[in-house]
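Just so you know, the sequences run in chain order A and B.
Each step along the first sequence adds one to the number in this note's numbering, with nothing skipped, and position 147 is 147.
Each step along the second sequence adds one to the number in this note's numbering, with nothing skipped, and position 65 is 65.
Simulated from the structure, these hints should not be mistaken for lab results.
A portion of the hints provided could be inaccurate.
Cross-link-like lysine to aspartate or glutamate pairs, in silico, EDC-like; alpha carbons within 20 Å at most [stated by the list, open to error]: (1) 67/B / 132/A; (2) 224/A / 253/A; (3) 97/A / 38/A; (4) 3/A / 137/B; (5) 72/A / 28/B; (6) 93/A / 127/A; (7) 93/A / 126/A; (8) 3/A / 23/B; (9) 94/A / 54/A; (10) 67/B / 54/A; (11) 67/B / 231/A; (12) 67/B / 127/A; (13) 67/B / 131/A; (14) 261/A / 23/B.
Now for the letters of each chain:
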Amino acid sequence: MFKVGTLSWLTLTVVFSFFLLIFLYLSSKKIYIPQIREHPGVGAIIEALGRATEMGRPVSFSPGTSDLYSTKYAGDTAAALTILGYTAREAVKKGSKFIVGIAPPTVLPVAEEIVRTAYLMEGKPEEYIEEETVQFFSPNQWGFATSYIGMMHREQVAANFLFGGHAAEAMVIAESGATVGAMQVAGSTNVYQLPFFLVACDYTLIGEDEFAAAAYLSPDPVQKGTIFGQDIAKLICALLIVLGALLSTAGIDVISKLLSK
Amino acid sequence: MSSVWRNVTSAILFLVSLIILVEYVWVDATLQRLTTDFNNWAVVIGAFTLGLGGYSIIVRHWRMIVKRRTLWPYSVVLLVTLFTFIATGLITGSVTSPQYNWIYSAIVMPISSTLYGMNAFFIASASYRAFRARSWEAAVLLVAAIFLMLKNAPIGGVISPILPSIGTIIWDIAGATGMRAILIGIGIGTLALGLRVIIGQEKTPLGGAD
Numbered sequence: 001m002f003k004v005g006t007l008s009w010l011t012l013t014v015v016f017s018f019f020l021l022i023f024l025y026l027s028s029k030k031i032y033i034p035q036i037r038e039h040p041g042v043g044a045i046i047e048a049l050g051r052a053t054e055m056g057r058p059v060s061f062s063p064g065t066s067d068l069y070s071t072k073y074a075g076d077t078a079a080a081l082t083i084l085g086y087t088a089r090e091a092v093k094k095g096s097k098f099i100v101g102i103a104p105p106t107v108l109p110v111a112e113e114i115v116r117t118a119y120l121m122e123g124k125p126e127e128y129i130e131e132e133t134v135q136f137f138s139p140n141q142w143g144f145a146t147s148y149i150g151m152m153h154r155e156q157v158a159a160n161f162l163f164g165g166h167a168a169e170a171m172v173i174a175e176s177g178a179t180v181g182a183m184q185v186a187g188s189t190n191v192y193q194l195p196f197f198l199v200a201c202d203y204t205l206i207g208e209d210e211f212a213a214a215a216y217l218s219p220d221p222v223q224k225g226t227i228f229g230q231d232i233a234k235l236i237c238a239l240l241i242v243l244g245a246l247l248s249t250a251g252i253d254v255i256s257k258l259l260s261k
Numbered sequence: 001m002s003s004v005w006r007n008v009t010s011a012i013l014f015l016v017s018l019i020i021l022v023e024y025v026w027v028d029a030t031l032q033r034l035t036t037d038f039n040n041w042a043v044v045i046g047a048f049t050l051g052l053g054g055y056s057i058i059v060r061h062w063r064m065i066v067k068r069r070t071l072w073p074y075s076v077v078l079l080v081t082l083f084t085f086i087a088t089g090l091i092t093g094s095v096t097s098p099q100y101n102w103i104y105s106a107i108v109m110p111i112s113s114t115l116y117g118m119n120a121f122f123i124a125s126a127s128y129r130a131f132r133a134r135s136w137e138a139a140v141l142l143v144a145a146i147f148l149m150l151k152n153a154p155i156g157g158v159i160s161p162i163l164p165s166i167g168t169i170i171w172d173i174a175g176a177t178g179m180r181a182i183l184i185g186i187g188i189g190t191l192a193l194g195l196r197v198i199i200g201q202e203k204t205p206l207g208g209a210d
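Pulled out of the complex, with its shape left as it was, chain A reads as follows (with noise of 0.2 Å):
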């Protein structure tokens, strides 16, 4: 039996599913390969790691202070251990330090095997440093905050990347990287710590973005499949949206009717 409330969920779930995984399919057989065009957070990602490697100084991470299981969040810190990997190869072949700071401990061996495998594809296995290229802080939000400004200031590091779920400690973080004179680059799909990263960051991912992110630095072009099925599945929704509003005018209530079921 159905829990209520639940049947539209799984149909506008299974519909979606179905667009991402028909075109995730398209461009993995080479059918249908998307264009997409370049977004400029993603084109700053390179460009902070690029300066980072002019000036000689570190490139710091953090994927946020969300846990891996965290309910809401879990999907953010996902795609920021995606850009992670990304980033750290890069700024390894860059031949930049690369420091990591992590909060939540589930994240901790993750993202070690994450960096330790970017050195290890890039043939400089020797410059990985365990306990000091990934850095565990503080579980407690305030604690990790400080220890991440700390590593800022005495690494005084060039680009600095904030992604992942981050609460108020998104403010005090990004506020000194820009004191520290780093570029910055974030990305949050918390909406009440976007604004913060909007004027404390050079660039911002906003909301999905750092999802399509994860995809687009990909190496594997079958990913961008599914970001053209994000497109399709947005396009329902705002048809969806169009619809019930002018029904709902109309004074027929059938779409939201249909929603609530």
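Let chain A serve as the given structure and place chain B on it in line with the hints.
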């Protein structure tokens, strides 16, 4: 991570995700029990990783002290505090003991509150940089921010009752519309990333690289 191990991880992830998704929509006692178990396992594994984190902190700061790196005395403070906390917990036998609570409420809480309070100053300095009308977009941001400040600050209503109303319109219509559009995008983006991870197309969050 070896490819065999990664495939095994992907298969487990796929199966567990499927069970949790089905349990979300379907009423079934067995599925509910399984989902509760999975969530409990996640918490237990999370507790183990805290040990890894603790080890990482101790090793890094010990290294900083031994090598007399910049600001090494702070590492001494950190390690002393860490072990004092652990010792207090072990000696009193409880993390709810008055001694343990005293350390928390007399040291950790005030420091956290101070940091949180500092947000106001950071917001002011960041706003000063962001609200300089150097472009058309920044000018729009500046105008919207002025109206919202006048809506929230008592002086806005004193100057004219229209000013808070404009702020309310910006917040309730432009702000809410934009925020909902972002939330819809986030939902679909999360679904897309989740699907890529579940079917094994996105391997980085499992550790390693594509």
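Inset, instruction - Starting from the hint list further up, note which numbers the structure goes against and sort them upward. - result: 2, 3, 4, 5, 10 and 11
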